[in-house]
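Novice: Given next are the chains, with one letter for each unit.
Number of protein chains: 2
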Amino acid sequence: MKLCLKPFIYAGMVLVLFSCNGIVDNSTVDNSTVDDRTMGQDPLPSWNEGKAKSAIINFVDEVTDPKSSNFVEVADRIATFDNDGNLWSEQPMYYQLIFAIDRVKQLAAEHPDWKTQQPFQAVLENDIPALLSSGHKGLLDLVMATHAGITAEEFDKIVKEWLSGSNHPRFHQPFNKLIYQPMLELLTYLRANDFKTFIVSGGGVDFMRTWVTEAYGIPPDQVVGSSIKTAFDYNDGNPVIRRLPEIDFIDDKEGKPVGIHKFIGKRPVFASGNSDGDLQMMQYTAAGSGKRFMLYLHHTDSVREWAYDRESYIGKLDKGLDEAAEKGWTVIDMKNDWKVIYPFQLTVPN
Amino acid sequence: MKLCLKPFIYAGMVLVLFSCNGIVDNSTVDNSTVDDRTMGQDPLPSWNEGKAKSAIINFVDEVTDPKSSNFVEVADRIATFDNDGNLWSEQPMYYQLIFAIDRVKQLAAEHPDWKTQQPFQAVLENDIPALLSSGHKGLLDLVMATHAGITAEEFDKIVKEWLSGSNHPRFHQPFNKLIYQPMLELLTYLRANDFKTFIVSGGGVDFMRTWVTEAYGIPPDQVVGSSIKTAFDYNDGNPVIRRLPEIDFIDDKEGKPVGIHKFIGKRPVFASGNSDGDLQMMQYTAAGSGKRFMLYLHHTDSVREWAYDRESYIGKLDKGLDEAAEKGWTVIDMKNDWKVIYPFQLTVPN
Numbered sequence: 061m062k063l064c065l066k067p068f069i070y071a072g073m074v075l076v077l078f079s080c081n082g083i084v085d086n087s088t089v090d091n092s093t094v095d096d097r098t099m100g101q102d103p104l105p106s107w108n109e110g111k112a113k114s115a116i117i118n119f120v121d122e123v124t125d126p127k128s129s130n131f132v133e134v135a136d137r138i139a140t141f142d143n144d145g146n147l148w149s150e151q152p153m154y155y156q157l158i159f160a161i162d163r164v165k166q167l168a169a170e171h172p173d174w175k176t177q178q179p180f181q182a183v184l185e186n187d188i189p190a191l192l193s194s195g196h197k198g199l200l201d202l203v204m205a206t207h208a209g210i211t212a213e214e215f216d217k218i219v220k221e222w223l224s225g226s227n228h229p230r231f232h233q234p235f236n237k238l239i240y241q242p243m244l245e246l247l248t249y250l251r252a253n254d255f256k257t258f259i260v261s262g263g264g265v266d267f268m269r270t271w272v273t274e275a276y277g278i279p280p281d282q283v284v285g286s287s288i289k290t291a292f293d294y295n296d297g298n299p300v301i302r303r304l305p306e307i308d309f310i311d312d313k314e315g316k317p318v319g320i321h322k323f324i325g326k327r328p329v330f331a332s333g334n335s336d337g338d339l340q341m342m343q344y345t346a347a348g349s350g351k352r353f354m355l356y357l358h359h360t361d362s363v364r365e366w367a368y369d370r371e372s373y374i375g376k377l378d379k380g381l382d383e384a385a386e387k388g389w390t391v392i393d394m395k396n397d398w399k400v401i402y403p404f405q406l407t408v409p410n
Numbered sequence: 061m062k063l064c065l066k067p068f069i070y071a072g073m074v075l076v077l078f079s080c081n082g083i084v085d086n087s088t089v090d091n092s093t094v095d096d097r098t099m100g101q102d103p104l105p106s107w108n109e110g111k112a113k114s115a116i117i118n119f120v121d122e123v124t125d126p127k128s129s130n131f132v133e134v135a136d137r138i139a140t141f142d143n144d145g146n147l148w149s150e151q152p153m154y155y156q157l158i159f160a161i162d163r164v165k166q167l168a169a170e171h172p173d174w175k176t177q178q179p180f181q182a183v184l185e186n187d188i189p190a191l192l193s194s195g196h197k198g199l200l201d202l203v204m205a206t207h208a209g210i211t212a213e214e215f216d217k218i219v220k221e222w223l224s225g226s227n228h229p230r231f232h233q234p235f236n237k238l239i240y241q242p243m244l245e246l247l248t249y250l251r252a253n254d255f256k257t258f259i260v261s262g263g264g265v266d267f268m269r270t271w272v273t274e275a276y277g278i279p280p281d282q283v284v285g286s287s288i289k290t291a292f293d294y295n296d297g298n299p300v301i302r303r304l305p306e307i308d309f310i311d312d313k314e315g316k317p318v319g320i321h322k323f324i325g326k327r328p329v330f331a332s333g334n335s336d337g338d339l340q341m342m343q344y345t346a347a348g349s350g351k352r353f354m355l356y357l358h359h360t361d362s363v364r365e366w367a368y369d370r371e372s373y374i375g376k377l378d379k380g381l382d383e384a385a386e387k388g389w390t391v392i393d394m395k396n397d398w399k400v401i402y403p404f405q406l407t408v409p410n
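Residue numbers (my numbering), protein chains in the order written: chain A, 61 to 410; chain B, 61 to 410.
No copy labels: a pair is met if it fits in one copy or bridges any two.
Computed cross-link-like contacts, SDA-like style, restricted to lysine to any residue with a CA-CA straight-line distance of at most 20 Å:
id: 1; residue 1: K165; residue 2: N227
id: 2; residue 1: K326; residue 2: E314
id: 3; residue 1: K217; residue 2: K326
id: 4; residue 1: K256; residue 2: F119
id: 5; residue 1: K165; residue 2: H228
id: 6; residue 1: K379; residue 2: D293
id: 7; residue 1: K165; residue 2: N186
id: 8; residue 1: K351; residue 2: E386
id: 9; residue 1: K351; residue 2: E133
id: 10; residue 1: K256; residue 2: T273
id: 11; residue 1: K326; residue 2: A275
id: 12; residue 1: K326; residue 2: L304
id: 13; residue 1: K220; residue 2: E133
id: 14; residue 1: K217; residue 2: G350
id: 15; residue 1: K175; residue 2: A190
id: 16; residue 1: K256; residue 2: D136
id: 17; residue 1: K217; residue 2: K237
id: 18; residue 1: K326; residue 2: D281
id: 19; residue 1: K256; residue 2: D281
id: 20; residue 1: K256; residue 2: V134
id: 21; residue 1: K326; residue 2: G297
id: 22; residue 1: K387; residue 2: G297
id: 23; residue 1: K351; residue 2: E213
id: 24; residue 1: K326; residue 2: I210
id: 25; residue 1: K256; residue 2: G277
id: 26; residue 1: K111; residue 2: L381
id: 27; residue 1: K217; residue 2: A135
id: 28; residue 1: K256; residue 2: K326
id: 29; residue 1: K379; residue 2: G297
No lab work stands behind these hints, which were simulated from the structure alone. Remember, predicted model here, so these are calculated numbers, not experimental data.
Excised from the complex, chain A in its bound form (with noise of 0.2 Å):
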């Protein structure tokens, strides 16, 4: 695949069909042993030492204390946590983009006119110039073609045939397997903490909703997203979810605190992400009365997965990394805090 393109902006969002960024084609792993998981003591056995962990060990101590002036009710703890670059990976492009132009190629023997038709012509044809100047128009009618016009169940059916067979072009593993187990670590430590924690994603929350709660035992009702308009058909007494070719919401930027208001109905306490589009959830976080933790992910580790931040198509954290600075917030460095980051890489399968 050597498609370039410059990213679409669509409602809010920057979708970017193919990274220039050059794929490191180097299935380098981490090779630690993760001593400190075979002693059944630390909360995050695959976090070093550091800033980071020790930031997020102690506001976990603090707001759990009932004695503490900083407790947080357990019907309090709500934990939201973007999905794309922050609990999987989402280099060279985001994996539901991938699922997108996939499909477009197996739909393509039942549609002959997109052979002549943009933008599914330039996907089929690998047409960059074509598919760019197909703009936001195209981008949506890719979209609407390949997540709309079936039933809830059936795209829920194609979502998980097309990702048991994908596999990623650097990592050789299906895509739902570039999870980060570092914050699988994370989402298990808050859970055991009563901490409820929710996905709030710019992705489509249908597409999601189809394999995350194997990836990270968080069930579909927790995850908030991104949607396409949905109908109730009666279908002759057997009822089905028909989806429409038609955006309901898109959850990214302002659409993240007003999604976590919409699904959810709570400010969270505690709140991770790692690009720009997470600011404003991380803004609506920090601004709730008592103490609150707001946590992003900067890739910088160019070795085991991607080094990008303030110029990157996908994933722009920059913004964002200075009102952490400003504000306090906690960074990860993914190069330094993490000691592994895909669980198929660890020595010590957990």
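With chain A held as given, fit chain B onto it using these hints.
Specialist: Positioned in the frame of chain A, the structure of chain B alone reads:
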């Protein structure tokens, strides 16, 4: 209060401002001792033995038995409950509408123009023909003037204050005390069997979220309801969610399965409602694979609560009653199946 209105139909939702049923101003209480409660064995002590109770218990026994062919995995144990007329009473009119009317009266001093502007003038003067003639637009104006234009946190505070000072005209209790003791036991019983219990109601989601956790043990993120749009406001560094005067979603009739899909992301295995507004939720639940349970509450108790069904402006149960009979769904006969209606009537408090 002597108002008597015809229903407004708005976006598929029947809203009755003032019922013509005639309020039986008679706080008749059930003085049953609820003997079973003291035995500590019966999971539904406020339910008389009978078809409804047996059907519920048999269903739960079956789907939680790993040896049964109808076993349902814990992750799939999704139970959805309508609220108005199903978990709490809805007569003589929806309590959220009483909130809106009370709020108009409370805000009237700040809005001198309301004295000559419909539908506010009608509410302030109890002028029924004028209120009626304001139609759908009038109801919408009423909702927007009382539910929008403030922050989410302000609205939450306003509802809480209103509720604590509210007084039901017949039972002389705050409205949130008019919850059904047998349904509380059912919610507890299902949760004890690892069901996740959700509210799926035509009522306003943020109105419900202020009090349902205390009333039913259901957290805010497990409440699906109708909503107005909201927006993120950075608010000079103190971000808030602002409530906008525009309908976002109506969670009624066909909207209920859509809301279930949107917020829960799974088809329920257990659905409970009391009106034709719940019929599509029942149909959607029934059409899933494996064992399912559909439960209608039939208001048959004109002495202890209210008796209404096919002809009622509020909570009309007509098509649902026919379909329940035809499909063999369970119907609660309130008069005969329930030993007691409200928790405050228990002679041996739980």
